[in-house]
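Q: Chains as they are written, first to last, in our numbering: chain A, 30 to 141; chain B, 752 to 862.
Please keep in mind that the hints were generated in silico from the structure rather than gathered at the bench. Watch out, some of these pointers could steer you wrong.
[What the hints assert, rightly or not] Only pairs whose alpha carbons sit at most 30 Å apart, straight line, appear in this in silico DSS-like list of lysine-lysine:
| id | chain 1 | residue 1 | chain 2 | residue 2 |
| --- | --- | --- | --- | --- |
| 1 | B | Lys-807 | B | Lys-819 |
| 2 | A | Lys-108 | B | Lys-822 |
| 3 | B | Lys-822 | B | Lys-805 |
| 4 | B | Lys-756 | B | Lys-849 |
| 5 | B | Lys-849 | B | Lys-807 |
| 6 | B | Lys-849 | A | Lys-109 |
[As the list claims (entries may be wrong)] Computed, partial: chain A to chain B, Cβ under 8 Å:
| id | residue |
| --- | --- |
| 7 | Trp-36 |
| 8 | Asn-61 |
| 9 | Gly-72 |
| 10 | Leu-119 |
| 11 | Gly-135 |
Heads up, the beta-carbon is just placed ideally off N, CA and C, and yes, glycines get one too.
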Amino acid sequence: SQTIHQWPATLVQPVGSPLSLECTVEGTSNPNLYWYRQAAGRGLQLLFYSVGIGQISSEVPQNLSASRPQDRQFILSSKKLLLSDSGFYLCAWSSRGGYEQYFGPGTRLTVT
Amino acid sequence: DQQVKQNSPSLSVQEGRISILNCDYTNSMFDYFLWYKKYPAEGPTFLISISSIKDKNEDGRFTVFLNKSAKHLSLHIVPSQPGDSAVYFCAATSWGYKLSFGAGTTVTVRA
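Bound-form chain B, shown alone:
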């Protein structure tokens, strides 16, 4: 059963604008959330994470927002750059061993 859902399979954004990626989860026991970036034929790269005790975490151009009541998190990329074109996976865990991944959102940054 899909406990982490990324309902938008793709996103196209103009270079310099904001990219907003969304993720919903169903398991209220999840207490840590992560975003990964993946290029074709490569392994995912850890991007940013957030604990359930926070509602925002920022790292450079990347900000993750967590809304626990809505069981929703989002990743903002500002400004979007051509190198940001990749597949982004949302993941969640409740005790650290097992990450439940969403299906991914493919981001295309247009020049």
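Next comes chain A alone, as it looks inside the complex:
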């Protein structure tokens, strides 16, 4: 069966510090991968998606970037965090041609 991992589970970072969140998927090959953010009391906002290694599409201009160095690894990064980057970050995967997306446990990021 497929499993998706995210770490860390929680993170507190000062403004201006770098960020690296990692997501890995097991039990599937060539998945589509996604990064979402959920702000407090809001829905899920798609930040990035990837259909293959090195292929990243950005949905919203922002202080964040994403990379996919391996087929089942997706990384969310920032060089300098802003207060507005605080939120709950979720990684998800879907199969090629599949509509359903399956989410990881999420990372709670607090920028202070």
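Following the hints, position chain B against chain A.
A: Quick look at chain B alone, frame taken from chain A:
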């Protein structure tokens, strides 16, 4: 722009009764709709979905209804159980990569 709307932020229902969650969308190109359930501090869990070629899909206690002409879908949970207390998100897509999510409805099942 919010293409998927869940206009009820919360719903309280007695255990054993029916929970009805509503969702409206504006993009007529959406052809697949999904419901997710989310507990606090966890990722959303896929619950049930429906294609635009159908008007109903049922899975156990969960049934999703789609009214394309009204651009409206609903999720029925019968009977409601305490473990159903969670936030429910409606989502829609037109070509599989991008899901547009509603803001969510918090369901509380009372004993």
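Q: Does each hint hold? Answer for all of them.
A: The hints, checked one at a time:
Restraint check: the Cα-Cα separation between Lys-807/B and Lys-819/B comes to about 11 Å, which is no more than 30 Å; the hinted pair holds. At roughly 42 Å between alpha-carbon atoms, Lys-108/A and Lys-822/B are farther apart than 30 Å, so this suggested pair is violated. Annotation: proposed proximity of Lys-822/B to Lys-805/B holds, straight-line Cα distance about 13 Å (limit 30 Å). About 16 Å separates the Cα atoms of Lys-756/B and Lys-849/B, which keeps this hinted pair within 30 Å; it holds.
Restraint check for Lys-849/B and Lys-807/B: satisfied, since their Cα atoms lie roughly 23 Å apart, inside the 30 Å limit. With a C-alpha separation of about 27 Å, the suggested pairing of Lys-849/B with Lys-109/A holds against the 30 Å cut-off. The restraint placing Trp-36/A at the interface with chain B is violated, with a minimum CB-CB distance near 13 Å, outside the 8 Å limit. For the restraint placing Asn-61/A at the interface with chain B, the shortest Cβ-Cβ distance is roughly 7 Å, inside the 8 Å limit, so the hint holds.
Hint on Gly-72/A holds. Least Cβ distance to chain B is approximately 4 Å, under the 8 Å limit. This hint holds: Leu-119/A has a C-beta 5 Å from the nearest C-beta of chain B, less than the 8 Å allowed. Checking Gly-135/A against chain B by beta carbon gives a least distance of about 5 Å; that is within 8 Å, so the hint holds.
When each numbered hint is compared with the structure, violations occur for hints 2, 7.
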